[in-house]
Amino acid sequence: MSSRDSLHAKVRAILEKANHPTTPQAEAETALALAFRLMQKYDLDEDAVSGRQARDASSHEVT
874 MSSRDSLHAK VRAILEKANH PTTPQAEAET ALALAFRLMQ KYDLDEDAVS
924 GRQARDASSH EVT
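Heads up: the sequence shown begins at 874 in our numbering, then just goes up one per residue.
Some hints could be false.
Derived CB-CB ranges, DEER-like [unchecked claim]:
id, residue 1, residue 2, range
1, Pro897, Ser875, 31 to 37 Å
2, Glu900, Ser923, 16 to 22 Å
3, Pro894, Ser923, 17 to 23 Å
4, Gln898, Ser876, 31 to 37 Å
Straight-line Cα separation of at most 20 Å, EDC-like style, residue types lysine to aspartate or glutamate; simulated pairs [to be verified]:
id, residue 1, residue 2
5, Lys883, Glu902
6, Lys883, Glu900
7, Lys914, Asp878
8, Lys883, Asp920
9, Lys890, Asp878
10, Lys890, Asp918
11, Lys883, Asp918
12, Lys890, Glu919
13, Lys883, Asp916
14, Lys890, Asp920
15, Lys883, Glu919
16, Lys914, Glu902
17, Lys890, Glu902
18, Lys890, Glu900
None of these hints come from the bench; they were simulated from the model. Just so it is clear, the structure is predicted and the values come from calculations on it, not from any experiment. Note that beta-carbon positions come from the ideal geometry of N, C-alpha and C, so glycine has one too.
Required output: the full structure, derived from the provided sequences and hints.
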C-alpha cells in the first residue's frame, strides 16, 4: 500500500466515524473538520478518497 493509499484509507475512516449514526454531534463535526483539513493539505478530492473513481473506472468496459 502506497503512502497515498494509506492517507486515503485514513481520511475514509475519519469520514466513516463522522457519518456514523452513533457518533456524537461534536465529535462528528471535529472528525469532518479534520478530514477536510487533511484533504486540503494533501490535495485529495472526495471521489479519490471514497474510491468512487476506481469503482467508476472499473465499471466501464473498454472496447
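Against the structure, the hints come out as follows:
The given range of 31 to 37 Å is respected by Pro897 and Ser875, whose C-beta atoms sit roughly 33 Å from each other. The given range of 16 to 22 Å is respected by Glu900 and Ser923, whose C-beta atoms sit roughly 21 Å from each other. Range check, Pro894 to Ser923: about 18 Å between beta-carbon atoms, so the 17 to 23 Å window is met. Separated by about 32 Å at the C-beta atoms, Gln898 and Ser876 satisfy the suggested range of 31 to 37 Å.
Proximity of Lys883 to Glu902 is assessed by CA-CA distance (about 17 Å); at most 20 Å being required, the pair is judged to hold. In summary, the hint linking Lys883 to Glu900 is supported, as the alpha carbons are separated by about 16 Å, within the 20 Å threshold. Proposed proximity of Lys914 and Asp878 is supported: the alpha carbons are some 15 Å apart, at most 20 Å. A C-alpha spacing of about 14 Å is found between Lys883 and Asp920, which places the hinted pair at or below 20 Å, so the restraint holds.
A distance of roughly 18 Å separates the Cα atoms of Lys890 and Asp878; the hinted pair therefore holds under the 20 Å criterion. Taking the CA atoms of Lys890 and Asp918, the gap is about 18 Å. The hint holds against a cut of 20 Å. Restraint check for Lys883 and Asp918: satisfied, since their Cα atoms lie roughly 14 Å apart, inside the 20 Å limit. In summary, the hint linking Lys890 to Glu919 is supported, as the alpha carbons are separated by about 16 Å, within the 20 Å threshold.
Simply put, Lys883 and Asp916 have alpha-carbon atoms about 14 Å apart, close enough for the 20 Å limit, and the pair holds. Taking the CA atoms of Lys890 and Asp920, the gap is near 18 Å; set against the 20 Å cutoff, the hint holds. Restraint check for Lys883 and Glu919: the C-alpha separation of about 13 Å stays at or below 20 Å, so the hint holds. Between Lys914 and Glu902, the direct Cα distance comes to roughly 18 Å. Compliance with the 20 Å bound is thereby established for this hinted pair.
Restraint check: the Cα-Cα separation between Lys890 and Glu902 comes to about 10 Å, which is no more than 20 Å; the hinted pair holds. Taking the CA atoms of Lys890 and Glu900, the gap is about 9 Å. The hint holds against a cut of 20 Å.
This entry satisfies every hint, going by the numbered hints stated previously.
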